[in-house]
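Fit chain B to the supplied structure of chain A, relying on the hints for placement.
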Amino acid sequence: MSTEEAPVRVGETQDSDPIVRDDTPAIVLDRVTKRFSAETVAVNDISFTVGKSEFFSLLGPSGCGKTTTLRMLAGFETPTSGRIAIDGQDAVTLPVHKRNTNLVFQNYALFPHMTIQQNVAFGPERKRLPRKEVQERVAEVLEAVHLRDYAARYPRELSGGQQQRVALARALANRPAVLLLDEPLGALDLKLRENMQFELKRIQREVGISFVYVTHDQGEALTMSDRIAVMNLGKVEHLGAPEEVYLRPKSLFTAGFIGQANLLPGTIESQEASGLGVRLTDGSLLRAETSADGCTVGGKAMLMIRPEHLRLESDRPGDDPSIPVRLKDETFQGSWARYAAETRDGDRIVLLVPSDARPEAGAFEREVWVSCTAEHAYALPHDDDDATAAELSPSA
Amino acid sequence: MHEVLDREPAVGKRSHQRGRIIAYVTSPVVVLLVFFVGPMAVLGYMSFLKFGIAGVGGYTGFDNYHEVVTDSTFWEVLWTTFTIATVAMIVMLAFALPLASVLAFKVKRYELQLLLLLVLADQLNPLIRVYAWRILLGKNGIINTTLEFLGLINQPIASLLFSKTAVVIVTSAEYLAIATIPIYAALKAVDPSMLEAANDLGAGTFTRYRKILIPLAAPGIFVALILVYIPLFTEFLTPALVGGTSGFMIGNYIEQQILKTGNWGVGSAMSFLLLIFSVVFVGIMYRLGRIGRLQTATTSNQ
Chain A
1 MSTEEAPVRV
11 GETQDSDPIV
21 RDDTPAIVLD
31 RVTKRFSAET
41 VAVNDISFTV
51 GKSEFFSLLG
61 PSGCGKTTTL
71 RMLAGFETPT
81 SGRIAIDGQD
91 AVTLPVHKRN
101 TNLVFQNYAL
111 FPHMTIQQNV
121 AFGPERKRLP
131 RKEVQERVAE
141 VLEAVHLRDY
151 AARYPRELSG
161 GQQQRVALAR
171 ALANRPAVLL
181 LDEPLGALDL
191 KLRENMQFEL
201 KRIQREVGIS
211 FVYVTHDQGE
221 ALTMSDRIAV
231 MNLGKVEHLG
241 APEEVYLRPK
251 SLFTAGFIGQ
261 ANLLPGTIES
271 QEASGLGVRL
281 TDGSLLRAET
291 SADGCTVGGK
301 AMLMIRPEHL
311 RLESDRPGDD
321 PSIPVRLKDE
331 TFQGSWARYA
341 AETRDGDRIV
351 LLVPSDARPE
361 AGAFEREVWV
371 SCTAEHAYAL
381 PHDDDDATAA
391 ELSPSA
Chain B
1 MHEVLDREPA
11 VGKRSHQRGR
21 IIAYVTSPVV
31 VLLVFFVGPM
41 AVLGYMSFLK
51 FGIAGVGGYT
61 GFDNYHEVVT
71 DSTFWEVLWT
81 TFTIATVAMI
91 VMLAFALPLA
101 SVLAFKVKRY
111 ELQLLLLLVL
121 ADQLNPLIRV
131 YAWRILLGKN
141 GIINTTLEFL
151 GLINQPIASL
161 LFSKTAVVIV
171 TSAEYLAIAT
181 IPIYAALKAV
191 DPSMLEAAND
201 LGAGTFTRYR
211 KILIPLAAPG
221 IFVALILVYI
231 PLFTEFLTPA
241 LVGGTSGFMI
251 GNYIEQQILK
261 TGNWGVGSAM
271 SFLLLIFSVV
281 FVGIMYRLGR
291 IGRLQTATTS
301 NQ
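Here the protein sequences come in this chain order: A and B. Per this note's numbering, the very first residue in the first sequence carries number 1; after that it's consecutive. Per this note's numbering, the very first residue in the second sequence carries number 1; after that it's consecutive.
Pulled out of the complex, with its shape left as it was, chain A reads as follows (with noise of 0.2 Å):
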């Protein structure tokens, strides 16, 4: 996929040809495969480019290869195969010190016997520069994080999300040309979470430089991304913009993955350019607007439904296409209540529905209707026997 996106131009020298040297994207991997034995494959055979002033995110579960991809590209780890270009330069043999990249550690890594103003001089100083210049650069990056009148305090005198900015100043005080960031915010409460998606955000927009960012929580990822790719056992499952990826999901592993969704099983009975019409294995016919590749008649494929785009009805929805379904459980979420309801066939829904549109208490008496538009369902093509459908469908 690298391959026809950017030309690779590993070891040549690129000074003598300044155009080349302006395309080329910030990271380039070609390829990429990392064993740390012969059974453990933490990699497996990845590609893709990083465009310059990109916010790209690698989304996955731990486990997926994410963080080694992170740390490939930082220098702690080297690739098994393949190549990895980092600003048009080959990185594969370079060490970590002499890389145009610096990381944003999960837990900051300050060092606690320095202060802010030295733990962030501290890049600077290694480059050498003339001391008033470290000083610009530390008091510039510091008053993008609003941390100028902290330099003097040391790490410990500063709270989580200030050690957090911290560790992202010191990070772009070498102005790096691709800036890495391992779950910088997994530490930090949810709204401070929040806070800092925005001024991550903000502060790349400012320093246009890439930002690769590693993360497990899909929600960040949607936020602040321009293209998200999702990971699974070491491979590339789905690269692409966050609205792709979360309303259009080439494999069934990210549409479970990302955000909330019912993924219900059924045969594809029709195929028209208005859509597909699936039958569900309770019998039930749902029609959706968009699929995946390799969507057939006759053919398995997996409905994928967010839990918001589901409409609970209290009667039979005339001819409309719907669901029967019991309900299961209730869970009043504030604006939102959430609902686990269970389909003839055992299969487990989620949805979501308005507060003042909650039905009453009876409905749990009986059996209810479950209906969505086909605008909102979206199949994919679903081989016989996979078990992961049933262990990506939302648990209560």
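Among the hints, erroneous ones may be present.
[What the hints assert, rightly or not] Below, a sample of chain A positions facing chain B; criterion: calculated Cβ distance under 8 Å:
(1) Leu103
(2) Asn107
(3) Ala109
(4) Gly123
(5) Lys127
No wet-lab data here; the hints were simulated from the structure. Here the structure is a predicted model, which means the values were calculated and not measured. Ideal Cβ placement from N, Cα and C applies to all residues, glycine included.
Using the frame of chain A, we list chain B on its own:
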């Protein structure tokens, strides 16, 4: 605890428990009194007695101490001891630091085995070890013959054995294990992501040591130094066997006073002075350690 005991003094179980607590607290105190403070008190007492050829001659006040501090040989030997111990410590540290960091960070698989090996090497009988060094350092020893064979020297280096150099070499090797282990522990306690962060920010190996690892491991390194410096200072077996006349240390001087001259009084006074020096030294090191840490915290900006 007190409150409970006061309220129910008659309950047998509680008083039994109390007895156990007292036993726990007092037993180490008793051990220390019998085996540690006792001999020292005897030594202290003897340092105020007069010992002559005729035997013990009674209380003499501070005469022994006066004799020691006015003895120019004592000060000369003390100075030799100080230089040998200090140089040996520096030499040893130059080996112990890299050794400890290799153990802590580089060898991943056999870390425990190697550590155990280090401890075992330390358990070797010191007498045997010193004799082994004599074979290595002797005029026709392995080192000299090898150097000659390689054509690096024309004639054997005579001063390898029976010299200050010999004492420095042997003692620094002797305490290598004792110093390496606390340094290893101190390095191991440093969060590896600190080193990765420094590396990521552009620091090479040397800078990572200088700016991150050593400042963070400083307390442990100081413990190692104190642990080693005191036995180094009072070393007496090694200088006796490989020191000759120039590598004569304070331990040997005390031994001479007591065993050869039979002057327990002066020997005891010397020992006590040495003890006082040691306490002062530990105090200074402790202060230095604190100041060192504060300095790395405030001036690493340069």
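Outcome of the hint check:
| no. | hint | in the structure |
| --- | --- | --- |
| 1 | Leu103 | holds, 5 Å |
| 2 | Asn107 | holds, 6 Å |
| 3 | Ala109 | holds, 4 Å |
| 4 | Gly123 | holds, 4 Å |
| 5 | Lys127 | holds, 6 Å |
In the structure shown, no violation is registered for any of the earlier numbered hints.
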